[in-house]
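Engineer: Spelled out from the first residue to the last, the chains are:
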Amino acid sequence: MTTSLIAEGTTAHASLAPRHDFPLLAEQPALRYLDSAATSQKPQVVLDALTGFYATANANPHRGAYALSAAATDAYHAARATIARFLGAADPETLVFTRGTTEAMNLVANAWGAAHVQAGDEIVVTALEHHANFIPWQQLAKRTGATFRIVELTADQRIDLDHLASLLSSRTRVVAITHVSNAVGAITPVHEVVRLVRAHTNALLVLDGAQGAPHLPVAFDTLGVDFYAFSGHKMLGPMGIGGVIGTRARWAECQPWQFGGDMIEWVHDQDSTWNVLPYRFEAGTPNAADAVGLAAGVQYLAALDMAAVRAHELALLDYAHARLADVEGLHIFGPPPAERSGVLSFALADVHPHDLATILDEHGVCIRAGHHCAQPLMRRLGVSATARASLYVYTDARDIDALVDALVHARRIFGATS
Amino acid sequence: MPDARATGTLPLAAMYQERILEHFRAPHGRGLPEDPAVRVAERRNPLCGDALRVGVVLRGDVIEAVGFDGSGCSIATASASMLTGTVRGQTVAEALRLASSVERFLHGDAHVATELPGDLPALAGVARHPQRVGCARMAWQALTEAIADSAEPLPRAAAVAQ
Numbered sequence: 001m002t003t004s005l006i007a008e009g010t011t012a013h014a015s016l017a018p019r020h021d022f023p024l025l026a027e028q029p030a031l032r033y034l035d036s037a038a039t040s041q042k043p044q045v046v047l048d049a050l051t052g053f054y055a056t057a058n059a060n061p062h063r064g065a066y067a068l069s070a071a072a073t074d075a076y077h078a079a080r081a082t083i084a085r086f087l088g089a090a091d092p093e094t095l096v097f098t099r100g101t102t103e104a105m106n107l108v109a110n111a112w113g114a115a116h117v118q119a120g121d122e123i124v125v126t127a128l129e130h131h132a133n134f135i136p137w138q139q140l141a142k143r144t145g146a147t148f149r150i151v152e153l154t155a156d157q158r159i160d161l162d163h164l165a166s167l168l169s170s171r172t173r174v175v176a177i178t179h180v181s182n183a184v185g186a187i188t189p190v191h192e193v194v195r196l197v198r199a200h201t202n203a204l205l206v207l208d209g210a211q212g213a214p215h216l217p218v219a220f221d222t223l224g225v226d227f228y229a230f231s232g233h234k235m236l237g238p239m240g241i242g243g244v245i246g247t248r249a250r251w252a253e254c255q256p257w258q259f260g261g262d263m264i265e266w267v268h269d270q271d272s273t274w275n276v277l278p279y280r281f282e283a284g285t286p287n288a289a290d291a292v293g294l295a296a297g298v299q300y301l302a303a304l305d306m307a308a309v310r311a312h313e314l315a316l317l318d319y320a321h322a323r324l325a326d327v328e329g330l331h332i333f334g335p336p337p338a339e340r341s342g343v344l345s346f347a348l349a350d351v352h353p354h355d356l357a358t359i360l361d362e363h364g365v366c367i368r369a370g371h372h373c374a375q376p377l378m379r380r381l382g383v384s385a386t387a388r389a390s391l392y393v394y395t396d397a398r399d400i401d402a403l404v405d406a407l408v409h410a411r412r413i414f415g416a417t418s
Numbered sequence: 001m002p003d004a005r006a007t008g009t010l011p012l013a014a015m016y017q018e019r020i021l022e023h024f025r026a027p028h029g030r031g032l033p034e035d036p037a038v039r040v041a042e043r044r045n046p047l048c049g050d051a052l053r054v055g056v057v058l059r060g061d062v063i064e065a066v067g068f069d070g071s072g073c074s075i076a077t078a079s080a081s082m083l084t085g086t087v088r089g090q091t092v093a094e095a096l097r098l099a100s101s102v103e104r105f106l107h108g109d110a111h112v113a114t115e116l117p118g119d120l121p122a123l124a125g126v127a128r129h130p131q132r133v134g135c136a137r138m139a140w141q142a143l144t145e146a147i148a149d150s151a152e153p154l155p156r157a158a159a160v161a162q
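Chains as they are written, first to last, in this note's numbering: chain F, 1 to 418; chain Z, 1 to 162.
Treat the hints as calculated values from the structure; they're not laboratory data. Quick reminder that beta carbons are idealized off the backbone N, C-alpha and C, glycines included. Just so you know, not all the hints are guaranteed correct.
If we take Cβ atoms under 10 Å as the criterion, some of the chain Z residues that face chain F in the derived model are [to be verified]:
1. ASP50
2. VAL62
3. ARG132
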């Protein structure tokens, strides 16, 4: 019945990256993976880079006075340079590696926030934030006695810029905002936010790029924000590596937040002095192997071209909207595709998202059902959870078609009437 | 073509049996008992943010009234609906024993099925979806908490956040 549609769709909307570049997808041809906002699949080149590091360059970077340790150090530094360049930062040493965005936000909240935020100050976040860019600031406010303010959203879950403007003042010390909403895909108009924040405050401006860096071209040096955090595993890299890029001026205002090996210059009995940026904020043995893996991932993305990645997701979103229009009772959250990343967050009549995810799983369709670590947003949507399908470079029309077929089946099972 | 899997969906058919869907569409025991002596306990599912409360009224050690409220998926709601139908009139000891049997059943102990009254055996399919077992357990865990310490009435839980 839908065979002709699928064939037609496949020609019109092939994947941007060949599915066979991704061992897991190649191994499971029937799998329809639509949960890339949770974590992306990994291309062979990333797996090869990981194995390659361990097979040819494995030693502790910055430690040994022997050639192998130097090779590990070189690989780690080269990875930093590659990833910084990919994100548009000319100075690789302004990129500090972390385990991911969550650790990056905790770093900034502690390393900058603890030294600069005090009672009477105000911290501004939005109702769109992932818990990782919400709780560190909420708790910093609680610890310091600062006021925690939340920017409300428009009816289609975009940041209400008028409300943001109304909250900004000379008391605002931190503005922490997502680049792209993980839960509904809304893309933040960064230039407008930067303009407002700079016009009304001297605040630290932090962008959560966990869903931005994998899907949109990012040029940190021209973005105008103070810190930009990202997670490697959502952009073809391994789990456990990510980072935060900051301006030299803002890094200079930060205090070390984790202490130990590698981050020191000299340790005296009663006090210590610190290594330079970026090492000052990378205590302990660095995650060099995963950094090398992520560097291979961003090189793969750069070869695809990030503008093409965005165009691919937009085309698929349009295709998905056209096909999903046939599914009665389906409501898609968030702004229209032009202002949305490759995320379809939806409700199907009164079918619970968990039930949807289970039925879709039986069709080989992997989606996320839950609060997406965005409970403040869920409260404002008046739901406990949504179902979320998310796209990436290996997604094609067959994935969307399978999603639509499975949703139609779910409707049949539940006999939804609304 | 994905539909091939859909038509042969034995596990799905087992999980979303008509019995379960009936309970979901028209649950029994919806609403907490309106009684000053009601004992209420709440369970939350952190995966999806669902919250379910079960309220019981004991007369001696017999469950005289039982009901539930809150939001849940079809499995959580059907399980709660079946719970209210089966434990009403049972003693605390009987209900606790049943809750423990349901627990074993949901974790794959199929032998327990013969001991389960009413529509409860229809939950068998849930055991094959480990990530959904938590949904079915919510009501039974809340019941256990509500009646476990029969000596002290529990404070009424705060309104369930939607």
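Engineer: Hints first: check each against the structure and report whether it holds.
Structural biologist: Against the structure, the hints come out as follows:
A hinted interface residue such as Z/ASP50 counts as satisfied when its beta carbon comes closer than 10 Å to some beta carbon of chain F; here the least separation is about 5 Å, so the hint holds. Using the Cβ-Cβ criterion of 10 Å, the hint placing Z/VAL62 at the interface with chain F is not satisfied: the shortest such distance is roughly 33 Å. Annotation: interface hint on Z/ARG132 holds; nearest CB of chain F at approximately 6 Å, less than 10 Å.
This entry does not satisfy hint 2, going by the numbered hints stated previously; all others are met.
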